[in-house]
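Enquirer: Going down the list, the protein sequences come from chains A and B. Take the position in the first sequence, starting the count at 1, then add 619; the result is the number in my numbering. Take the position in the second sequence, starting the count at 1, then add 245; the result is the number in my numbering.
One thing to keep in mind: the hints can contain errors.
What the hints assert, rightly or not - The list that follows gives simulated cross-link-like pairs (lysine-lysine, DSSO-like), each with its CA atoms no further than 27 Å apart: (1) A/935 x A/1030; (2) A/643 x B/344; (3) A/998 x B/371.
To be verified - Covered, in the sense of this in silico footprint (three residues per stretch, anywhere, with C-beta under 8 Å from a C-beta of chain A), are these stretches of chain B: (4) 248-261; (5) 283-289; (6) 301-308; (7) 363-376.
Stated by the list, open to error - Over 12 Å on every C-beta distance to chain B, these chain A residues come out as not near it, computed from the model: (8) 630; (9) 631; (10) 677.
FYI, nobody ran anything at the bench for these hints, they're computed from the structure. Glycine residues also receive a C-beta, built at the ideal position from the N, C-alpha and C atoms.
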Amino acid sequence: MALNPYEIAKDFPILSRTIRDGKKLVYLDSGATSQKPNVVIDAESNFYKFHNAAAHRGAHQLAEEATDALEGARSIVATFLNAEAEEIVFTKSATESLNLLSYAMGNAESGSRFHLTAGDSIVVSEMEHHANLIPWQQLAARTGATLKWFEVTPEGRLDLSSIDSIIDANTKVVAITHQSNVLGTINPLGDIVKRAHSVGAVVVLDACQSVPHMKVDVKSLGVDFITFSGHKTVGPTGIGILWGRSELLNELPPFLTGGSMIENVTMTSATWAPAPRKFEAGVPNMAQAVGLGAALTYLSTIGMENIHAHEVSLAKLLLDELAHIEDVKVVGPSDMNLRGGTVSFTVGEIHPHDLGQYLDSQGIAVRTGHHCAWPLTRKLGVPATTRASLYLYNTQEDIQALVTGIRDAQKYFA
Amino acid sequence: MQLDNLYQEVILDHYKNPQNKKLSSSYDAQVHHINPSCGDEITLNVTLDGESIAAITWDGVGCSISQASVSILTDLLIGKSISQAQVISDSFMHLMQSKGTETGDEAVLEDAVALAGVSQYPARIKCALLGWMAFKDASVQAMAKNS
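All chains, please: the whole structure from these sequences, using the hints.
Expert: As structure tokens, this is what we get:
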């Protein structure tokens, strides 16, 4: 069933405000962060109003309610991903999730499948967000392992032609994005997962740009770890998710240590609680986890297939319109095959910052720059691009507003 | 519209016809500065003649604000003494931090007052300052080399 973005937009209070002297807000920056529906704002607020206490601590009713709310949110996340609740780790962000993984692997002792030394390799791609590149660069630097990567073709696809030499017997980790935050490219994972598993490597999927926009089923993808952030899935900031296969989470050492992640502690040593608690030191971001639960429930009610279909139809419309504007060049796939609703482009000699500033004067919010994927924009020969990223509340009028804005900017800067 | 406060004609002129945008083969100091939030980059050469600024040349990529700002800077500072350049730089920094409350002293800043509107757009102040920070760095290095 097609969703109705006009009805959905009513759920998001910020979308009814105005920008720059009364202009209607056209929000095309959901790839950076999404807006929040009332159900999420209320869930977070109500946790503080009615249930706030430290989860997993205390023998009082509020502590029980806070624990139930936190664990309820964990179950919602698990159901959303077709995973088990004990495989869901709450972090503060996807960035922290990826750092958790890379630091925990760095803590692994000799004999562990996660233990890296000189001679081992970590594989990433040229289209990674800095958050799924730098933690692995750093892990390689700390352990002496080699960082290798898949290149990106001029069309903005992963070049998998050398997959067998890039992922080889020495590879321990393959960390790859599900959908590029710059290009909109959705990466085919089948061959990567198959090859990685055949050499005993684990596959880490940065799903920040896919989980909010399409059905992601961890069982059918076959990957080993998934990370995503709450704030890009109409949820709150300050909450991220790490999903990992049970047996792998059990084998992985902790990253942050401290309160509530322990089993037993003496003055000189400690042992760890089972996953996911082992990875959740300190009082967690409970209200944010509860808000994320409300967000995923909200998205599930609308249906991830409907959301994806809506974004694909808007992205197709945008690509068709951009193809008719002189000097506009799309950076990334120009067709909708394996592509989501993130569209980066350049407009002749107009610098993206200037274009973004002009669009802002018309109430249109886009992202400009290298989008935290500097090696990618360098590879593609564009120091910066303008990016429109779509979500469930965007409409055809938003696309038309952007197209009109680009044409008017061309006149303004002519 | 309000945007016209930002994109003054002088800025767009300098953007389209940047001054001294050709790196000299010799220099007393060369610096390379980057704006990590947007990826704008500049290479800037400074040549001194005693206490005076004999040449400033540069090359770079960036938005109209960053490119125009460095172009205006070269027009303004070439031929000035280091101490005069310091006064002008301080005046420009002050203007950029004024949040739109000041128009700038035209007797000191000349064409650079056209950038006053930038101070109303916090995200763009770094763009306007890219060339100025590069100059500051290069002039200090050039003086150290010649001392």
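Enquirer: Check the non-interface label on residue 677 of chain A: least C-beta distance to chain B beyond 12 Å or not.
Expert: The claim stands: residue 677 of chain A keeps its Cβ more than 12 Å from every Cβ of chain B (closest is about 43 Å).
Enquirer: Under 8 Å between beta-carbons, do enough residues of the region 283-289 of chain B, three at least, approach chain A for the coverage claim to hold?
Expert: Contact hint for the region 283-289 of chain B vs chain A: holds, 4 residues under 8 Å.
Enquirer: Can you take a look at whether the region 301-308 of chain B is actually covered by chain A? Rule is 3+ residues, C-beta closer than 8 Å.
Expert: Holds, because 3 residues of the region 301-308 of chain B bring their Cβ atoms closer than 8 Å to Cβ atoms of chain A.
Enquirer: Residue 643 of chain A and residue 344 of chain B: Cα distance at most 27 Å?
Expert: Within the cut-off at roughly 25 Å; holds.
Enquirer: Sort out whether residue 1030 of chain A lies within 27 Å of residue 935 of chain A, counting only the CA atoms.
Expert: holds, 25 Å
Enquirer: Has the given pair, residue 998 of chain A with residue 371 of chain B, been kept, meaning a C-alpha gap of at most 27 Å?
Expert: holds, 25 Å
Enquirer: Closer than 8 Å Cβ to Cβ for three or more residues is the test here. Does the region 363-376 of chain B pass it with chain A?
Expert: holds (count 3)
Enquirer: Please verify the coverage claim for the region 248-261 of chain B: does it have three or more residues whose C-beta sits within 8 Å of some C-beta in chain A?
Expert: holds (count 4)
Enquirer: Does the claim that residue 630 of chain A lies outside the interface with chain B hold up, using a Cβ gap greater than 12 Å?
Expert: holds, 29 Å
Enquirer: Examine each Cβ of chain B, and state whether all of them lie more than 12 Å from the Cβ of residue 631 of chain A.
Expert: Answer for residue 631 of chain A: holds, closest chain B Cβ roughly 24 Å.
In summary, the structure agrees with every hint in the numbered list given earlier.
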